[in-house]
Amino acid sequence: MKYFLRKFMALLLTMFLVSIFTFAAFNVIPGDPAELILGTEATPESIAALRASLGLNQSLPQRYLKWFGGLLHGNMGTSLQYSQPVSSLLASRLPVTACLAGMAFILIIALSFPAGILAAKWHGSWAGRFLDSITMLNLTLPGFFVGVLFIWIFGIILHCFMPGEYVDYRQNFGGFLRYLIFPAIAVALPNIASTAKFLRTSILAEKGSDYVRTARSKGVSEDVVLRRHILKNAAVPAITLLGMTVAGIFSGSIIVEQVFSLPGVGRLLISAVSSRDFPLLESLVVYIAFLVSIANFLADMLIRAVDPRMKEKA
Amino acid sequence: MENHFFKRIVSGLTAAAIMLSLAACSHGADSSSAARPSSGSKNEFTYGLQTQPGHLDPYVSTSADTREILFNVFEGLVKPDKDGDLKPAIAESYSVSADALAYTFKLRKGVKFQNGKAVTTEDIKYSLDKAAGLSGGKILMADLKNIKSVEIADDSTVKINLKKPDYDFLPYLTVAITPKGYTHQDTHPMGTGPYSFVSYTPQQSLILKKNPYYWQKDLPHIDKITFKLEANSNALLTDMQGGSIDGASIANDVASQLTNDFNVIPSNSNSVQMLALNNKQKPFDSKEVRQAVSYAIDPDAIIKTVNYGKGVRCGTPVIPGLKKYCETSLDHAYDHNAAKAKELLAKAGYPDGFSMTITVPSNYTVHVNTAQVIVNELKEAGIKAQIKQVDFATWLSKCYENRDYQSTIISVDGAALTPRSFLNRYVSTNSKNFVNYSSSAFDSIYKKAEEEKDSTKRIELYKQAQQQISKDAASVYIEDISNLNALHKGFSGYTPYPLYVFDASTIKYTG
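Chains A and B, in that order, give the protein sequences.
Here the first sequence is numbered in my numbering, starting from 4 and rising by one per residue.
Here the second sequence is numbered in my numbering, starting from 844 and rising by one per residue.
What the hints contain is simulated information worked out from the structure, not anything from laboratory work.
Being a predicted model, the structure only gives us computed values, none of them experimental.
Be careful, since some hints might not be right.
Said to hold, decoys possible - Computed cross-link-like contacts, DSS-like style, restricted to lysine-lysine with a CA-CA straight-line distance of at most 30 Å:
hint, chain 1, residue 1, chain 2, residue 2
1, B, Lys1241, A, Lys69
2, B, Lys1053, B, Lys1332
3, B, Lys960, B, Lys1067
4, A, Lys69, B, Lys981
5, B, Lys1053, B, Lys1023
6, B, Lys949, B, Lys991
Claimed, not checked - Have a look at the derived ranges for each label pair, beta carbon to beta carbon:
hint, chain 1, residue 1, chain 2, residue 2, range
7, B, Lys1023, A, Gln174, 35 to 45 Å
8, B, Leu977, A, Met12, 55 to 65 Å
9, B, Asn1103, A, Val239, 57 to 67 Å
10, B, Ser1205, A, Gly72, 28 to 38 Å
11, B, His1031, A, Ala28, 31 to 41 Å
12, A, Ser254, B, Tyr1010, 56 to 66 Å
C-beta: ideal position from N, C-alpha, C; glycine also.
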């Protein structure tokens, strides 16, 4: 119980610090939402009027406190650019990013573990080298490039999907998921590669351990040694990495959402920055920090389940 | 069983890969190429935009990207047509008093708002009062500050009284007429235009539907217009290649990659691209230096290399689209001449040239590319220029509002169909005078033009004003960059305007 409480406090602290850092960064960048809304036809009068109606005549610390106070009451404020409540903007975008991240995560787990295990098993053979070079290739290809490549190959040449024709999840959930497949692969590939490479290395490291030699000398078959003995130990660092991968999925999806024009949280985040939409930006950043912290927490729990020693340490 | 462990992994992976590609590609059978309209329906039209509308309230949204869309939703007493003339819209006719202090409008019968309510003189008074800040609030549209009062003469007549005579006030009366007391303009705009607002989903779409009450009975043709909001021109290109949009305003490099399902219709962008020189910062406080830079830069080379030859060379801030007013003889006032540039620099005390910074808003690829050409051209004249890219919010704040820059590249447009829209920012005291141009000669010509009764003389004065700007080389005027409007071959009726607008009402399906 004490463990959970500690984790929870750490979560709150993380979110608070993230919001402070965002606030600090926002202080430095020039730009004014009222000027952006009014454009080059703005006059001092119209800017002053709009600033007053948007609440921009308050200082940034005041606006931060107002936003923070609202957040404590569960109110994330109103977007300056879209004049819509942040919560409803977020609610309409979240399913897109959540599904994209979910699909990418499933792909990562489903593909990285087999790839890592096989790469370790086939270590030294031509198949192992082949797998290693594919992993290396995926690791070096940036997500946005894979995205552009997919749009070209699967969208424009093969007509597997219609580029840009995003299907709304409220209208056709199946079509929505189908549209997300390629973006999800684009987000997942670099992460699959890094997790697989990590797992392969840690399996190979464990292979030389004493307990492996003992198991082998007892006549246990190589496959069973790998599956029963090595994997359990080698998986621990890989699971930790998976927890951190969630942050990678989010940063990857911000870019991939742009490439595939998906109306997700990532695109909203970019527009919040470029339109200097302070309440929207703060809310999004804190929300993403929350999700990443939760993912890391779940990874911790999983490691405790796999490795009982962790429980004792805690 | 144990021995099959790895085989299971391998076969599982293969199965997953097959499933995935089947699931993804099963869509392929029914998705056709771009040979038909995006929706498959001739009553729907999807137009791609790479900009995002801001506030939708017509009295707040002065940004060009919002005006472009709202042109279909709102109308004023008068409305611009494709030749740049003003046609009566909500008003049926108008008259101007001899002293130009009163504009009287006769209301057109049967004009209704998109909610079905008839437009009354009350609505007109309400709208103008609100925009001009006469009903208590601050003035929302600076161009209307000359309005003294709005009088309801009778059920169908409105009289607008001005503070001082203005013979050319009509262009400002395109300001939107909205229902009295309606307070949801920023979330659900409502006017009398050919299309009524349906929904706005940020970064996805803005949807309009046919206004059944529209007073021009033969318009509009299409039932539903969707503005699809994309992040950049690459997304617009893939949309067109994939067939999810029927048209878009695109850049040259995108146009060259389009399939032949699209017609590309070039038109003026109705903004003048310029290298703005800050007249209050060294060394551009010197007229000779500004002239030297003007000689060093070759607009033709920019048009050729950056815009594939599609652009109209300009020599003044007034767009070529305003044919009556634009002084086209100035297009070649500064023909490319590096030797002359050097000579002028020497005269100004910079025989070895100088270093300068060109600040460019990074979201405009065309300006960034132009900056690169300019840097090379300036090098020839001995000027070392470096490019500094900033995002648009920073540009607006630092360069435009605070005038804290040395030089910058931007296209400037005008909100109303009058040379004033383009020239008033050169008046030394104007709040939009971001180049810090200050000339008493220009100020007095401009003032005379504003007050001139006779339209021929007025045109002459506006031309003189442009000559003054050119003589002083207030900045370097480059071109009206061509807009390329790609339209699916199934549609026709695209109407170019001398304004930054997209008129959806004339688009029709022709198969």
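Consistency of the hints with the structure:
1. B:Lys1241 - A:Lys69: holds, 27 Å
2. B:Lys1053 - B:Lys1332: Distance ~22 Å between B:Lys1053 and B:Lys1332 Cα, so the pair holds.
3. B:Lys960 - B:Lys1067: holds, 21 Å
4. A:Lys69 - B:Lys981: Holds - the C-alpha atoms of B:Lys981 and A:Lys69 are around 26 Å apart, at most 30 Å.
5. B:Lys1053 - B:Lys1023: holds, 22 Å
6. B:Lys949 - B:Lys991: OK: B:Lys949 and B:Lys991 at ~19 Å, within 30 Å.
7. B:Lys1023 - A:Gln174: 35 to 45 Å: holds, 37 Å
8. B:Leu977 - A:Met12: 55 to 65 Å: Taking Cβ atoms as reference, B:Leu977 and A:Met12 lie about 57 Å apart, which means the hint holds.
9. B:Asn1103 - A:Val239: 57 to 67 Å: The hint (57 to 67 Å, Cβ to Cβ) holds, given that B:Asn1103 and A:Val239 are roughly 58 Å apart.
10. B:Ser1205 - A:Gly72: 28 to 38 Å: holds, 35 Å
11. B:His1031 - A:Ala28: 31 to 41 Å: holds, 34 Å
12. A:Ser254 - B:Tyr1010: 56 to 66 Å: For B:Tyr1010 against A:Ser254, whose Cβ atoms are near 59 Å apart, the range 56 to 66 Å holds.
No hint from the list above goes unmet by this structure.
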